[in-house]
Amino acid sequence: MSALPGTTRRRRPHSALPWLATPALVLFVGFAVVPLVGVFALSFTTWDGIGTIRATGLTSWRKVLTDPGLTHALWVTFLVMAVSWAVQTPLSILLGTFLAGRQRYRAVLGVVYFIPLMLSSAAIALAYKALLDPNFGLGAGLDIQALSRDWLGRPGLAFGVVIFVVSWQFIPFHSLIYQGGVQQIPKSLYEAAQLDGAGRVRQFFSITLPQLKYTIITSSTLMVVGSLTFFDLIFILTEGGPGDATRVLALDMYKRGFQASLMGPASVIAVILVLVGLGLALLLRRLGGRNAGASQLEGA
Amino acid sequence: MTTTLTKTRRPQKVTHDEGPRRSRPATRRRNWLGGLAGWLWLAVVAVPLYWTLITSFKARSRYYASNPLVPSTDPTLENYRLVIESDFLQYFLNSVVVTVGAVVPAVVVSFMAAYAIVRGWRMRVLLAMNGLFLMGLAIPLQATIIPVYLIIIKLHLYDSLPALILPSIAFAIPLSVLVLANFIRDVPKELFDSMRVDGANEWTTLWRLAAPLTRPAILTVSIFNALTIWNGFLLPLVLTQSPDRRTLPLALWTFQGQYGVNVPAVLAAVVLTTLPVLVLYAFGRRQLLSGLTAGFSR
Chain C
1 MSALPGTTRR RRPHSALPWL ATPALVLFVG FAVVPLVGVF ALSFTTWDGI GTIRATGLTS
61 WRKVLTDPGL THALWVTFLV MAVSWAVQTP LSILLGTFLA GRQRYRAVLG VVYFIPLMLS
121 SAAIALAYKA LLDPNFGLGA GLDIQALSRD WLGRPGLAFG VVIFVVSWQF IPFHSLIYQG
181 GVQQIPKSLY EAAQLDGAGR VRQFFSITLP QLKYTIITSS TLMVVGSLTF FDLIFILTEG
241 GPGDATRVLA LDMYKRGFQA SLMGPASVIA VILVLVGLGL ALLLRRLGGR NAGASQLEGA
Chain H
1 MTTTLTKTRR PQKVTHDEGP RRSRPATRRR NWLGGLAGWL WLAVVAVPLY WTLITSFKAR
61 SRYYASNPLV PSTDPTLENY RLVIESDFLQ YFLNSVVVTV GAVVPAVVVS FMAAYAIVRG
121 WRMRVLLAMN GLFLMGLAIP LQATIIPVYL IIIKLHLYDS LPALILPSIA FAIPLSVLVL
181 ANFIRDVPKE LFDSMRVDGA NEWTTLWRLA APLTRPAILT VSIFNALTIW NGFLLPLVLT
241 QSPDRRTLPL ALWTFQGQYG VNVPAVLAAV VLTTLPVLVL YAFGRRQLLS GLTAGFSR
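From first to last, the protein sequence lines are chains C and H. Taken in order, the first sequence gives residues 1 to 300; the numbers are from our numbering. Taken in order, the second sequence gives residues 1 to 298; the numbers are from our numbering.
Certain hints may be false.
Label pairs and their in silico Cβ distance ranges [stated by the list, open to error]:
1) H:A59 <-> C:P210: 55 to 63 Å
2) H:A59 <-> C:G279: 52 to 60 Å
3) C:S206 <-> H:Q241: 57 to 65 Å
4) C:E191 <-> H:T204: 44 to 52 Å
5) C:Y190 <-> H:L40: 23 to 31 Å
In silico lysine-lysine, DSBU-like type, Cα no more than 30 Å apart, as pairs [what the hints assert, rightly or not]:
6) C:K255 <-> H:K154
7) C:K255 <-> C:K63
8) C:K63 <-> H:K154
9) C:K213 <-> C:K187
Since the hints were made in silico from the structure, they are not lab data. This one's a predicted model, so the numbers in the text were calculated from it and none came from an experiment. Heads up, the beta-carbon is just placed ideally off N, CA and C, and yes, glycines get one too.
All chains should be built: construct the whole structure from the sequences, respecting the hints.
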């Protein structure tokens with residue numbers, strides 16, 4: 001939003017322009033902004049999803065904030081976020097750098113790599129659910145003891161599976177971002193490093209990685225904020241279970257709202273979700289000084 | 001289909017190739033770590049896909065006794081018949097209606113808004129709108145689902161396809177506006193000026209000049225939105241109820257609920273629902289992939 005340089009104001013000829021933006025504005029406000037405000041409002045009510053909505057002040061907030069289930073859901077959400085970030089980031093950088101090479105075979109591998117991006121979370125979750133089945137899955141079929149465990153039936157294992165499947169689904173996307181980032185690094189930097197006798201590993205750590213700074217921030221922001229909204233995958237894979245081992249915030253909200261018919265408390269969770277997401281996005285932006293959104297803004 | 005098969009078979013063969021190559025003294029410096037990660041990841045991606053594909057052609061009776069990584073010697077389409085007989089054509093049609101019904105209006109209104117924002121960047125109203133759309137990028141659909149559900153009920157649209165279309169449009173708008181505006185900005189100013197000299201109004205300029213010149217971006221944005229909406233699960237889960245309103249991802253889930261123990265049938269359903277996207281991927285891979293990162297890597 002920066003530049004308004006010495007503008008010659010010619011409003012007249014443009015006066016039809018706001019009308020062009022109106023349809024998008026109406027749809028966006030009606031089905032995204034109003035619901036966002038609405039969820040704040042609903043968090044101060046009691047509603048079973050069918051009957052009348054009654055304003056009940058802070059009842060829902062009190063209920064949720066004193067519920068140990070919330071702390072647990074926050075903790076699981078944080079764990080999923082942190083662990084999936086720590087798993088995905090190094091692998092995505094590695095694969096992105098690998099794919100940025102000009103070798104033909106890498107492009108061919110890329111064709112396979114990106115297939116998971118096309119699949120719905122529902123399809124991925126169902127395929128993995130079948131694959132990991134302790135009796136009928138891949139491990140049982142191959143008769144390998146180590147693989148035929150009750151993957152989704154034990155808390156620790158189920159959490160690991162969620163991380164693995166999330167990584168399987170999203171590493172391709174982040175590799176794609178890193179591939180683009182690496183390809184934008186000027187060749188001359190590497191040439192200079194080679195003249196100085198720097199090896200591959202050295203080049204990676206002193207050129208590639210620092211040059212990828214903004215890409216890392218963009219990718220991490222998308223990963224971290226995106227991890228708040230994992231719903232489809234976990235819902236189908238584990239339904240938050242076993243017990244509540246994988247019950248992340250988004251799932252907690254759905255279960256309270258649409259399964260237990262407690263829309264008030266569910267809205268409280270949704271508000272928390274929004275606030276956490278916003279906080280994280282701002283924090284990451286601080287860390288990097290700028291991010292994709294900011295740079296887009298500057299271009300406006 | 002056959003191409004995926006041959007490609008997915010590669011990992012075992014290729015990981016063995018790794019041996020001799022590794023021991024060969026490097027004439028040029030090689031990226032060992034990257035290379036190793038590359039081939040390993042190929043296996044990680046390909047094995048589940050390969051297993052899903054070959055198992056979907058196995059007869060249920062033979063499935064449990066067979067080696068899970070060897071294709072059936074006697075492939076059957078029985079599983080696919082079961083899936084299609086379970087109304088998947090209807091679900092497919094629903095998905096098509098929702099996707100087309102949301103993507104076309106979403107892209108059209110986003111394009112109009114992006115054009116206005118770029119051309120009218122001096123106007124406060126439009127600057128404010130731009131800011132609003134940018135903030136919209138941060139609104140997660142999940143967090144708004146309860147009020148969306150309420151609004152849909154109030155509009156008497158619950159359990160209908162428009163119930164899925166309207167929120168899908170709204171959540172497609174922010175990123176579409178952002179990407180399209182970036183591309184419209186690249187259109188040379190002189191072209192707009194010459195249109196004005198010729199007496200064209202904004203509406204004409206929009207469709208006659210801006211739209212043709214940014215066609216690749218429009219295609220990219222459409223593909224991205226189509227993929228997101230096609231694969232959407234939460235909206236149909238919350239906003240529909242009747243079996244004949246199901247879209248494919250939801251239908252998959254309920255199908256698994258019914259036929260859970262029939263693994264080959266469930267996997268046939270998985271393959272069948274992803275087939276349209278994979279066909280698209282085979283033909284327009286570059287467009288699809290650039291569409292996925294358009295908002296972030298420019």
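Hints versus structure:
1. The hinted window of 55 to 63 Å between A59 (chain H) and P210 (chain C) holds, with their beta carbons roughly 56 Å apart.
2. Our hint of 52 to 60 Å for A59 (chain H) and G279 (chain C) holds, since their Cβ atoms are close to 53 Å apart.
3. Between S206 (chain C) and Q241 (chain H) the beta carbons are some 58 Å apart, a value that agrees with the proposed interval 57 to 65 Å.
4. Between E191 (chain C) and T204 (chain H) the CB atoms are about 50 Å apart, so this pair conforms to the stated range of 44 to 52 Å.
5. Between Y190 (chain C) and L40 (chain H), the C-beta spacing of about 25 Å keeps the proposed range 23 to 31 Å intact.
6. Our distance criterion of 30 Å between C-alpha atoms is met by K255 (chain C) and K154 (chain H), whose separation comes to about 22 Å.
7. Taking the CA atoms of K255 (chain C) and K63 (chain C), the gap is near 15 Å; set against the 30 Å cutoff, the hint holds.
8. Pair hint K63 (chain C) plus K154 (chain H) holds up; C-alpha atoms about 27 Å apart against a cutoff of 30 Å.
9. For the suggested pair K213 (chain C) and K187 (chain C), the alpha carbons sit about 17 Å apart, so the restraint of at most 30 Å is met.
Hint compliance for this structure: every hint is met.
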